[in-house]
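> What follows is each chain in one-letter form.
Protein chains: 2
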Amino acid sequence: MAEFNVPLRSIHFTLFEVFEAHKMWQGIPKLAEVADRETAVAMLEEAAKLAEQEIAPLNRSGDEEGAHWDNGEVTTPAGFKEAFTAYAEGGWVGLTGNAEYGGFGMPKALGAQIDEMLYAANSSFALYPNLSTGSTVAIDAHASETLKALYLPKIYSGEWCGSMCLTEPHAGTDLGLIRTKAEPIDAEGQYLITGTKIFITAGEHDLASNIAHLVLARVSDAPKGAKGISLFIVPKINVDESGNLLEPNNVTCGSIEHKMGIKASATCVMNFDEAKGYLVGELNKGLAYMFTMMNYERLSIGIQGLGCGDSSLQSAIAYAKDRRQGRSVTGTEEPAAYADTLLVHADVRRMLLTMKSLTEAGRAFSTYVAMQLDAAKFSQDPEEKARAASYVALLTPVAKAFLTDMGFDVTVLGQQVFGGHGYIREWGQEQLVRDARIAQIYEGTNGIQAHDLLGRKVVFDKAETLGVLTREIVEFVDGINSVLLAPYCSQLLATLDRFSMLSDELIVKIVDNPKELGAAAVEYLHLFGYVMSAYMWLKMSVVAEQKLAEDDGFYQSKLDTAKFYFDRVFPRTESLFETIRSGSAAMDVDTDWL
Amino acid sequence: MAEFNVPLRSIHFTLFEVFEAHKMWQGIPKLAEVADRETAVAMLEEAAKLAEQEIAPLNRSGDEEGAHWDNGEVTTPAGFKEAFTAYAEGGWVGLTGNAEYGGFGMPKALGAQIDEMLYAANSSFALYPNLSTGSTVAIDAHASETLKALYLPKIYSGEWCGSMCLTEPHAGTDLGLIRTKAEPIDAEGQYLITGTKIFITAGEHDLASNIAHLVLARVSDAPKGAKGISLFIVPKINVDESGNLLEPNNVTCGSIEHKMGIKASATCVMNFDEAKGYLVGELNKGLAYMFTMMNYERLSIGIQGLGCGDSSLQSAIAYAKDRRQGRSVTGTEEPAAYADTLLVHADVRRMLLTMKSLTEAGRAFSTYVAMQLDAAKFSQDPEEKARAASYVALLTPVAKAFLTDMGFDVTVLGQQVFGGHGYIREWGQEQLVRDARIAQIYEGTNGIQAHDLLGRKVVFDKAETLGVLTREIVEFVDGINSVLLAPYCSQLLATLDRFSMLSDELIVKIVDNPKELGAAAVEYLHLFGYVMSAYMWLKMSVVAEQKLAEDDGFYQSKLDTAKFYFDRVFPRTESLFETIRSGSAAMDVDTDWL
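Chains as they are written, first to last, in numbering that gives the first Met the number 0: chain A, 0 to 593; chain B, 0 to 593.
In case anyone wonders, no lab produced these hints; they're calculated from the structure.
A few of these clues could be false.
One copy or two, it doesn't matter: identical chains are merged, so the pair holds either way.
[Unchecked claim] Cut-off 25 Å, straight-line C-alpha distance, at most; resulting in silico cross-link-like pairs (DMTMM-like, lysine to aspartate or glutamate):
id, residue 1, residue 2
1, Lys320, Asp591
2, Lys22, Glu425
3, Lys508, Glu573
4, Lys48, Asp591
5, Lys320, Glu471
6, Lys320, Asp587
7, Lys80, Glu2
8, Lys226, Glu333
9, Lys226, Glu332
10, Lys226, Asp339
11, Lys223, Glu333
12, Lys320, Asp173
13, Lys275, Asp477
14, Lys461, Glu167
15, Lys48, Glu19
16, Lys461, Asp550
17, Lys546, Glu573
18, Lys461, Glu144
The following block holds chain A by itself, in its conformation from the complex (with noise of 0.2 Å):
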């Protein structure tokens, strides 16, 4: 097993010198105050060294010793509460927090990086930070003054963790059916709860004093369906107004799933049995508020692909430049040695090649995402927080999916050029396929993610904004003066051309027939993918050529997983417009007949 290097120099490249993150923050107040390069990038390191030294090592180990249940309690494998006490004294739960409750305030474009690391060091793990901060999220943007005060800081600093109980046996994707049901004490907002969550990452577990749990439920009289639900704060334990631990609440883990993959993640079903919940917000627009939530969990999912597929990818590498078998057919490399390495075969290189010029494309796209979810929170200027919240919620579906595909593709792949070895389990390459599988599962499948995308953020939207994307991206091409880069940024401009045409096409056939949005919405996603990620390889192609006079090697390498990228994944948008073109006819069967 190869050891887990977090990608410092590529993080620097994306954040620093294609994006220039540093430059964004100086311009926004409330992030100049706490952000700039220096620190970011000694933050960087300082997480960099947490991620390989503290949590990595205990991937292997946590997969095969899995989350333990016993009777209501779960304990964590061997060596988690450590690693998260460490992670947590950094300070990094809290790491972009609000600042006024004991967070940090730090940019999400230096959090996705964290996120990065923590992922493609240990999935599992990442998962329990990770919730506890989707939670704090959602308590920052929607709960009461009191609320906030009183579990924020507790959050932001590990003491306690956080829990979404959305599931229930019969309400996955349909989350207007759930049944969870809250009942009033007083007119303070407090509430008895009582009904049965499934799936739930980090329900329980043994790395906090206490679990707040954000509960869906609905009240007696509410309306039926979506608009009839409302958003609780469950804590597991009872606390005082000083946030003092009082008596257990009435909420158990009944069970954990015995899961494909993310095993030292506790998958728990929790039952609440008049357990007391406190009202986030108003009452019936809790789904709402968990949306605000999402768009920050759902980035953070997207980077799980990436970082399980980064994993793969190094892993891959130094496998393919150590593993010696066959000859290059170009004539013997290496002659003193038994074979040549792996890296000699054309086949082979065209899986790494696969495997970096998405994943480098995937870094690059998630700070992207990351830096409109940053606009949208932080800017002063009310059009561009406005343009960038407009971003996000049509470019977070693709992160999401996108990211979780390509990463599963990757991992696969990665697998792959292990041959027999990548089967074995102590070698760790097919415990990212496994890990990194659930991510194109949770938080909303990436079927529901298609549908969004294509449904919401294109149909209902017009197109409106996609079309200032379009001419963003198109205006930066025509930017582009290299012969170099001339090529691809041609084939961009065709594509996207085809694209906008496309979408403009889709929306009148789905107003027109709407079972044309679920017939085209994946293969529409992964289109809209592969223009994004080629945006990406030219944002970085136009950063690499500049810099090719100082070079190492590293730039060229850019340019050259760029050529890649143009040259051997593009054309996957081929197929996809001439599939999503023949429309939902090829649906239209006799079921009984399947």
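Once you have looked at the hints, place chain B on chain A.
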């Protein structure tokens, strides 16, 4: 977890309606003696019972329990021994075996269907008899009469099993590197074998009283590399001339691997320490001998992908019909229920129909290839025999790699249909993903299959066999007179035309620059697979259209699935053409910067 049902009607359709295999059997005396439609139908039914009732129920429990290793002894999971005994007593191990030595001499076209049932029911289990059958093919083709008379009846009856000992720690894909030594004891073909083999499927277990290991080894004065490798039978327990068991041979199982999947299949490290071995055929021809067997084994492994996919498809359809979530976009379909079933969603249908269109094309293709194996083995017409043998050579790598790549993709889709439940072990879908994954790796990785196809079977052959196959397809399509199928005919002919031109281009390019082989191989194989699948769908469609008058819905569903294939799957070829054309330039990178 849905119950597994052998798709008997689909098998009958493929075997007897589309390919009319029974007619071919009647034209070949050796087959006519044993195989007619009625017998085949009865055997399929018997095998289906066994697969459904005895073998499938052990799939989940076998995955949970896994194979055990204890001080050299390997125990299979509970129930495996009884199921193997039932399977062996039914005569299934010797189904396609040589009748002169106790086999049933049945055609591979029938055997392929039983293989599919077995892999679909329980891939781990299927590998035990499969390795036995594989070893008998090599023994039957190349060993002396004495060895054949001693080993074949025992293995056909299941009293003994077989294994293939090829891979060594430093020699996987590149078998020319193997170091296991063979020292002659006498002139009678007895040798002492010393060396270590890894990744040996069914190398040790408790299902039979003896195991005949087929071992690749090298005598001391053998030529270097692939031309100095010989094949030996090394029994686990020494035997006398009548097959009575004597003392144990010096063969030990050092450990078994902990793997991603096929956990009930023992993957062994085998140590040979001056173990007695018997030369098969002539010295230094071992690799060539293994290739005889490999065409059968590779088709069989292709069928593993197909079987896992079919099992996943069945469960996904059952789940989609049962699970309720959301409402149809064109209006609620079942107002009395709390939600509509998953089937109302176009995206779910897209997944199911993608699975179905690939699985049924795969079943037809594996049957088509099996019939070529039968013609190559049994035909009395030397020209037909030679043509069939050349088809086998050309199509085997496609069958192995395309069926396993598609099989894996199908299981991943089948997992996605289940949403979160797809990730939970008890639902079974995730096991199929893990079990299918190995089939892309072992028996020659799919990258190796692609090199074999494009290098040996197309370039080296100057596309002669491909030309013959192309003419067969064109002739078949030209003979179709159907308005309904006309668009598919045009689509296939146009693609076939481009494919032929591409093949010719590639031959020139690869002769000029051998790196172009590895750069194009995998995508070329996929292109080939999609073309063959389109051919299969046209073959099925022609029959289905003829039978529409007597239809109960079955034939219409074939036509619907064909439409889906041509609308939504076949367009994948567009991107493959473009990617392949870009050539190897994108792989010329400085690998220090990977």
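> Now tell me if each hint is right for this structure.
Status of the hints after comparison with the structure:
| no. | hint | verdict |
| --- | --- | --- |
| 1 | Lys320 / Asp591 | between (52 Å within a copy, 9 Å between copies) |
| 2 | Lys22 / Glu425 | neither (44 Å within a copy, 51 Å between copies) |
| 3 | Lys508 / Glu573 | both (20 Å within a copy, 24 Å between copies) |
| 4 | Lys48 / Asp591 | between (57 Å within a copy, 24 Å between copies) |
| 5 | Lys320 / Glu471 | neither (40 Å within a copy, 44 Å between copies) |
| 6 | Lys320 / Asp587 | between (50 Å within a copy, 16 Å between copies) |
| 7 | Lys80 / Glu2 | within (22 Å within a copy, 41 Å between copies) |
| 8 | Lys226 / Glu333 | between (68 Å within a copy, 21 Å between copies) |
| 9 | Lys226 / Glu332 | between (67 Å within a copy, 22 Å between copies) |
| 10 | Lys226 / Asp339 | between (64 Å within a copy, 19 Å between copies) |
| 11 | Lys223 / Glu333 | between (71 Å within a copy, 17 Å between copies) |
| 12 | Lys320 / Asp173 | between (47 Å within a copy, 16 Å between copies) |
| 13 | Lys275 / Asp477 | neither (59 Å within a copy, 74 Å between copies) |
| 14 | Lys461 / Glu167 | neither (34 Å within a copy, 60 Å between copies) |
| 15 | Lys48 / Glu19 | within (24 Å within a copy, 66 Å between copies) |
| 16 | Lys461 / Asp550 | neither (45 Å within a copy, 45 Å between copies) |
| 17 | Lys546 / Glu573 | neither (33 Å within a copy, 36 Å between copies) |
| 18 | Lys461 / Glu144 | neither (38 Å within a copy, 77 Å between copies) |
In this structure, the earlier hints numbered 2, 5, 13, 14, 16, 17, 18 are contradicted, and the remaining ones agree with it.
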